[in-house]
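For the record, the sequence lines run as chains H and R.
Residue numbers for the first sequence follow my numbering, so the first one is 1 and each next one is one higher.
Residue numbers for the second sequence follow my numbering, so the first one is 1001 and each next one is one higher.
Careful: at least some of the hints might be erroneous.
Unchecked claim - Partner residues are not named here, just some residues of chain H that face chain R (Cβ under 8 Å, in silico):
{"hint": "1", "residue": "GLY61"}
{"hint": "2", "residue": "SER98"}
{"hint": "3", "residue": "GLN99"}
Unchecked claim - In silico DSSO-like cross-links for lysine-lysine, where the CA-CA straight-line distance does not exceed 30 Å:
{"hint": "4", "chain 1": "R", "residue 1": "LYS1088", "chain 2": "H", "residue 2": "LYS101"}
{"hint": "5", "chain 1": "R", "residue 1": "LYS1110", "chain 2": "H", "residue 2": "LYS55"}
{"hint": "6", "chain 1": "R", "residue 1": "LYS1055", "chain 2": "H", "residue 2": "LYS129"}
{"hint": "7", "chain 1": "R", "residue 1": "LYS1088", "chain 2": "H", "residue 2": "LYS55"}
{"hint": "8", "chain 1": "H", "residue 1": "LYS110", "chain 2": "R", "residue 2": "LYS1055"}
{"hint": "9", "chain 1": "R", "residue 1": "LYS1101", "chain 2": "H", "residue 2": "LYS110"}
{"hint": "10", "chain 1": "R", "residue 1": "LYS1165", "chain 2": "R", "residue 2": "LYS1088"}
{"hint": "11", "chain 1": "H", "residue 1": "LYS101", "chain 2": "R", "residue 2": "LYS1101"}
{"hint": "12", "chain 1": "H", "residue 1": "LYS88", "chain 2": "R", "residue 2": "LYS1110"}
{"hint": "13", "chain 1": "H", "residue 1": "LYS110", "chain 2": "H", "residue 2": "LYS30"}
{"hint": "14", "chain 1": "R", "residue 1": "LYS1129", "chain 2": "H", "residue 2": "LYS101"}
{"hint": "15", "chain 1": "H", "residue 1": "LYS30", "chain 2": "R", "residue 2": "LYS1055"}
{"hint": "16", "chain 1": "R", "residue 1": "LYS1165", "chain 2": "H", "residue 2": "LYS110"}
Quick caveat, the hints were computed from the structure, so don't treat them as lab data.
All figures in this text were calculated on a predicted structure; none of them were measured in a lab.
Virtual Cβ for every residue (Gly too), placed ideally from N, Cα, C.
Number of protein chains: 2
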Amino acid sequence: MALIVQKYGGTSVGSAERIQAVADRIIRWKEKGNDVVVVVSAMSGETNRLIDLIKAVNPRGSAREQDVILSTGEQVTIGLLAMALESKNCPAKSYTGSQVKVLTDNSFSKARIMDIEDSAMRQDLDDGKVIIVAGFQGADENGNITTLGRGGSDTTAVALAVALKADECQIYTDVDGVYTTDPRVVPNARHIPKLSLEEMLEMASQGSKVLQIRAVEFAHKYNMPIRVLSSFDEDEQCKSTLVTREEDIMEKVLVRGVAFNRDEAQLTVTGVPDEPGIAFKILGPISDANIEVDMIVQNMGSDNTTDFTFTVHRNEYEKAKEILCVFADEMGARTCGGDNKIAKVSIVGVGMRSHAGVARDMFEILANEGINIRMISTSEIKVSVVVDEKYLELAVRSLHEGFGLENEAKSVA
Amino acid sequence: MALIVQKYGGTSVGSAERIQAVADRIIRWKEKGNDVVVVVSAMSGETNRLIDLIKAVNPRGSAREQDVILSTGEQVTIGLLAMALESKNCPAKSYTGSQVKVLTDNSFSKARIMDIEDSAMRQDLDDGKVIIVAGFQGADENGNITTLGRGGSDTTAVALAVALKADECQIYTDVDGVYTTDPRVVPNARHIPKLSLEEMLEMASQGSKVLQIRAVEFAHKYNMPIRVLSSFDEDEQCKSTLVTREEDIMEKVLVRGVAFNRDEAQLTVTGVPDEPGIAFKILGPISDANIEVDMIVQNMGSDNTTDFTFTVHRNEYEKAKEILCVFADEMGARTCGGDNKIAKVSIVGVGMRSHAGVARDMFEILANEGINIRMISTSEIKVSVVVDEKYLELAVRSLHEGFGLENEAKSVA
């Protein structure tokens, strides 16, 4: 008998009918002899409704109080789903994050999971109940309600799967897995049945919207297999993407997919003293403000100064610029500024580890299309570039075609 | 420096603007040097929205899961009000019922408060914060979320006032106090500036919708003064009704007011054996089903049998009738039935204690209008009658006029 953790996102539980369908699906898994723990998001639209209320009262209200409000979205869903299961004679019990308890730090609105108390859930599983847990939320050691930030429900699911030593963590969403790139941009993008956690990590972090990066990181760290499935595929003849350890994947390809992200903004400070610790001095205050930095590039400037560029989420562009430019002023920097009309495009594949020249091919493809590259960043299994936002679709399409991703994957192992 | 507990109902916090107005009012009380603890309901309409969701998924879902869902309404309001106070530079902190914690029994949807943990709130009050507590909810000893039933926010407020030894519990509502009867029925109903907790208890239990009976009972038990005020009275030149100990009220009147209740239904079983314990046998199963019984009348019948009549909330009429008639069958009762088109009308006043003849006057007034009385029930300070629902307004108007309530109250002390 397997223990499966399933996560259903907002569109999957977006109406009473959808919730009934999810209940039916859970029962099918249960009837196959599995123990099932379910994590749910707020019904689609609900979080935005709550955000509108917050904005109407006080857009700059404390994160603690925002979390008190936002956490109610998932709390409604857990009750409804538990009742839907009850109506089908399937014993179920809901848990809020505080009730589990999902212990987090106290970084309201961006909390990190520290620990998960599993004894109560295990007792309920032993009693044959389906456990329904509110995603996206937890409580700090003082009992304050925290949220993990948008998309945190995926993280809750993986963390629960790890804590309960589940056999698989299934993420139900509105797509049937991971594609070589977003099919809305490249219509002949191809479905990927299996890829490594490392690849998924890069795909997710680079903006493939299927899974949240923190969830994949978590799964990667604890070797928890994740399966991405569609909750809209009623006959369950479904395609899915299994995200698992690299060792468990036979076929290692050069380029697995093309990821992209429109939600970034670039910040640059030029002419700062080129001295040890300058990167920390610049990024420290940004980090203290709880702003996540993505790409970082430092160039040697002239006359013992250096230029420093990094990217942040576009929503935090103004706040980050304000902090950065105060610092730049203090340091006597030459200029301080940024651009929030940029996009990041990446190619990802574990095969890159053993094959040089992939980056060169990427730059050539982009150059052939006349696309100017503004930043470059590489890791073992990916190459990312920042381009003007207007070139995003062109860049993605040309890379997808250039690396032959519309065809069956070419193994390089 | 006084400690004041204030409660704001759903219409008082029904929009962002109303929440801002409540925040301004709280700050005015705080600036006068008071410590303020605030209890809020769900925004008006929110609880019904949640009930609709519940009905759409499973109208017979477990009360535990319903409470998980319904408790979110107040949780949203506490966060919004805390943020509104923050925006006006007034430090505030929200508490859900679980966070306080308001310890209740585990009668989901109808839980009773057992204890209130006050140490965290006291610390926050000492730090100068306004405390915002979600009304209507608590948690049982296992951490399950419970609700107190509709109107439970008043009870939360009084219980908090008692636990914190507050000087006064203020209930803000959409009316500016208690009237001699409902002004919608009798336009010249008169405002009552002060009345005793006993009188308020009878007025509330008889259907004056201003305060919930359990809240008044609680206040009565612990001698907590309650002040009823209107949150729509912006200039605060307000009328209010202070509900306090009988000893603190100089003026004792014969009839303080006329209360009424349309939400009742009558159940009758006739020809049951007239033997000891019969009342318990009849009402036991009703009580076990968590149905509250209001008036009870037993008449001697012929041939060693008796007739038994009682009233319940109209919503529970069908359920109660089903239970009752199963019993009636078993006991060989002659008939079992009921009527849900009845209404109860009561006159209330502490002066009745020392003055006989008030009931006689009441019956005479009703007889003069040709109104048939179906049940009679009396207590020390009230007389209630059940009449056909169609006579309700006529009965209330004639009693209000007959006892001269439109004039200044006549003291009988």
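We went through each hint and held it up to the structure:
1. GLY61: Hint on H:GLY61: holds, closest Cβ of chain R at ~3 Å, below 8 Å.
2. SER98: holds (7 Å)
3. GLN99: holds (6 Å)
4. R:LYS1088 - H:LYS101: violated (34 Å)
5. R:LYS1110 - H:LYS55: Between R:LYS1110 and H:LYS55 the Cα gap is close to 34 Å, so the pair fails against 30 Å, i.e. violated.
6. R:LYS1055 - H:LYS129: The given pair, whose Cα atoms are some 23 Å apart, holds under the 30 Å limit.
7. R:LYS1088 - H:LYS55: holds (15 Å)
8. H:LYS110 - R:LYS1055: violated (34 Å)
9. R:LYS1101 - H:LYS110: holds (25 Å)
10. R:LYS1165 - R:LYS1088: holds (28 Å)
11. H:LYS101 - R:LYS1101: holds (16 Å)
12. H:LYS88 - R:LYS1110: Roughly 25 Å between the alpha carbons, so the hint for H:LYS88 and R:LYS1110 holds.
13. H:LYS110 - H:LYS30: Judged against 30 Å, a Cα distance of about 33 Å means the pair is violated.
14. R:LYS1129 - H:LYS101: holds (27 Å)
15. H:LYS30 - R:LYS1055: OK: H:LYS30 and R:LYS1055 at ~25 Å, within 30 Å.
16. R:LYS1165 - H:LYS110: Measuring from Cα to Cα gives roughly 38 Å; hence the hint is violated.
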